[in-house]
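**Student:** Chain by chain, the residues:
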Amino acid sequence: MNTAKFPSRKVDGSFCVDVGLQLLEGAPENICKVIDEWFSGVWMGANKTWTRTWSTGVNLEVKKDEVLVYSDEFLRAPMASLGSKSELRIRLFGTKSAKLWKDWLVSKIAPDLKEKFPYIGELLYIQDCID
Amino acid sequence: MNQAAEQGGGDVFWTTTSQSDAGWFAAANPAMEDPAIVSMKIPNSTINDLTSNGSLSVNGSVYTFGPGAINTLNQNATFQLVPYK
Chain L
1 MNTAKFPSRK VDGSFCVDVG LQLLEGAPEN ICKVIDEWFS GVWMGANKTW
51 TRTWSTGVNL EVKKDEVLVY SDEFLRAPMA SLGSKSELRI RLFGTKSAKL
101 WKDWLVSKIA PDLKEKFPYI GELLYIQDCI D
Chain R
1 MNQAAEQGGG DVFWTTTSQS DAGWFAAANP AMEDPAIVSM KIPNSTINDL
51 TSNGSLSVNG SVYTFGPGAI NTLNQNATFQ LVPYK
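Protein chains in written order, with the numbering used here: chain L, 1 to 131; chain R, 1 to 85.
Please note: incorrect hints may appear among the correct ones.
27 Å max Cα-Cα, derived DSSO-like pairs, lysine-lysine [unchecked claim]:
no. : chain 1 : residue 1 : chain 2 : residue 2
1   : R       : Lys41     : L       : Lys85
2   : L       : Lys33     : R       : Lys41
3   : R       : Lys85     : L       : Lys108
4   : L       : Lys48     : L       : Lys85
5   : L       : Lys33     : L       : Lys116
6   : L       : Lys99     : R       : Lys85
7   : L       : Lys64     : L       : Lys33
8   : R       : Lys85     : L       : Lys63
9   : L       : Lys63     : L       : Lys96
10  : L       : Lys108    : L       : Lys33
11  : L       : Lys116    : R       : Lys85
12  : L       : Lys96     : L       : Lys48
13  : L       : Lys5      : R       : Lys85
14  : L       : Lys64     : R       : Lys85
15  : L       : Lys64     : L       : Lys10
16  : L       : Lys10     : L       : Lys63
Since the hints were derived computationally from the structure, they do not count as laboratory data.
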């Protein structure tokens, strides 16, 4: 029996989480617009799928590709907002069937975001959307 | 494993050598409990055995253990709670 309390599910089984990240000095005032445009105009197009290659067997010589599909996990592009002057909030909209959304967040979305926008700092929180 | 299954987990579990990444997963724990991170110290010989028999797969810093690895880990690995942040 699945008794998971987080993330909270809506009636249709989908969910919404906010990821709080430190905002370091140097961020432009219109950072949310810049990030939203990058997500929708660049990142989404390049990341409809994400292939992870797993290695196993003797000397890790056996390779197996795992193809993760963004739309299996999320309903739409991530959305940026400001939580406070030094806090960026990335909102994720998860599907009913999402199982690997945290993998996407930790290994794809956050690293890509931080690489593109170096004034984005460390994780502050992950929580259900409150508004 | 039973407790993980109650939270929606399966019989495969993922680990990472990145404590930062582990912190993200801990922060998003499905039980909404205080985040916690457990470290595993695994002898190289055990790692080699598990990869050789296909119970362990590696992708960068991410290590995926299959159900066949559980008993071996319990016998050979040491577990310790590490500070979260």
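**Student:** Please go over all the hints and tell whether each is borne out by the structure.
**Tutor:** Hint by hint, here is what the structure shows:
Using a Cα cut-off of 27 Å, the hinted pair Lys41 (chain R) and Lys85 (chain L) is violated, with the two alpha carbons roughly 40 Å apart. For the given pair, Lys33 (chain L) sits about 44 Å from Lys41 (chain R) by alpha-carbon distance, which is inconsistent with the 27 Å threshold. The suggested pairing of Lys85 (chain R) with Lys108 (chain L) holds, with an alpha-carbon distance near 22 Å, which does not exceed 27 Å. For the hint pairing Lys48 (chain L) with Lys85 (chain L), the CA-to-CA distance comes to about 32 Å; that exceeds 27 Å, so the pair is violated.
A hinted pair counts as satisfied when its Cα atoms are at most 27 Å apart, and Lys33 (chain L) with Lys116 (chain L) qualifies at roughly 14 Å. Under the criterion of a C-alpha separation no larger than 27 Å, the hint pairing Lys99 (chain L) with Lys85 (chain R) is consistent with the structure, at around 26 Å. Restraint check for Lys64 (chain L) and Lys33 (chain L): not satisfied, since their Cα atoms lie roughly 38 Å apart, outside the 27 Å limit. For the given pair, Lys85 (chain R) sits about 34 Å from Lys63 (chain L) by alpha-carbon distance, which is inconsistent with the 27 Å threshold.
Under the criterion of a C-alpha separation no larger than 27 Å, the hint pairing Lys63 (chain L) with Lys96 (chain L) is inconsistent with the structure, at around 30 Å. Only pairs whose Cα atoms come within 27 Å are accepted, and Lys108 (chain L) paired with Lys33 (chain L) is accepted, the gap being roughly 20 Å. Between Lys116 (chain L) and Lys85 (chain R), the direct Cα distance comes to roughly 25 Å. Compliance with the 27 Å bound is thereby established for this hinted pair. This hinted pair checks out: Lys96 (chain L) and Lys48 (chain L) have alpha carbons roughly 18 Å apart, not beyond 27 Å.
Between Lys5 (chain L) and Lys85 (chain R), the direct Cα distance comes to roughly 23 Å. Compliance with the 27 Å bound is thereby established for this hinted pair. Under the criterion of a C-alpha separation no larger than 27 Å, the hint pairing Lys64 (chain L) with Lys85 (chain R) is inconsistent with the structure, at around 34 Å. Between Lys64 (chain L) and Lys10 (chain L), the direct Cα distance comes to roughly 35 Å. Violation of the 27 Å bound is thereby established for this hinted pair. With a C-alpha separation of about 38 Å, the suggested pairing of Lys10 (chain L) with Lys63 (chain L) is violated against the 27 Å cut-off.
Checked against the numbered hints above, the structure breaks hints 1, 2, 4, 7, 8, 9, 14, 15 and 16 and satisfies the rest.
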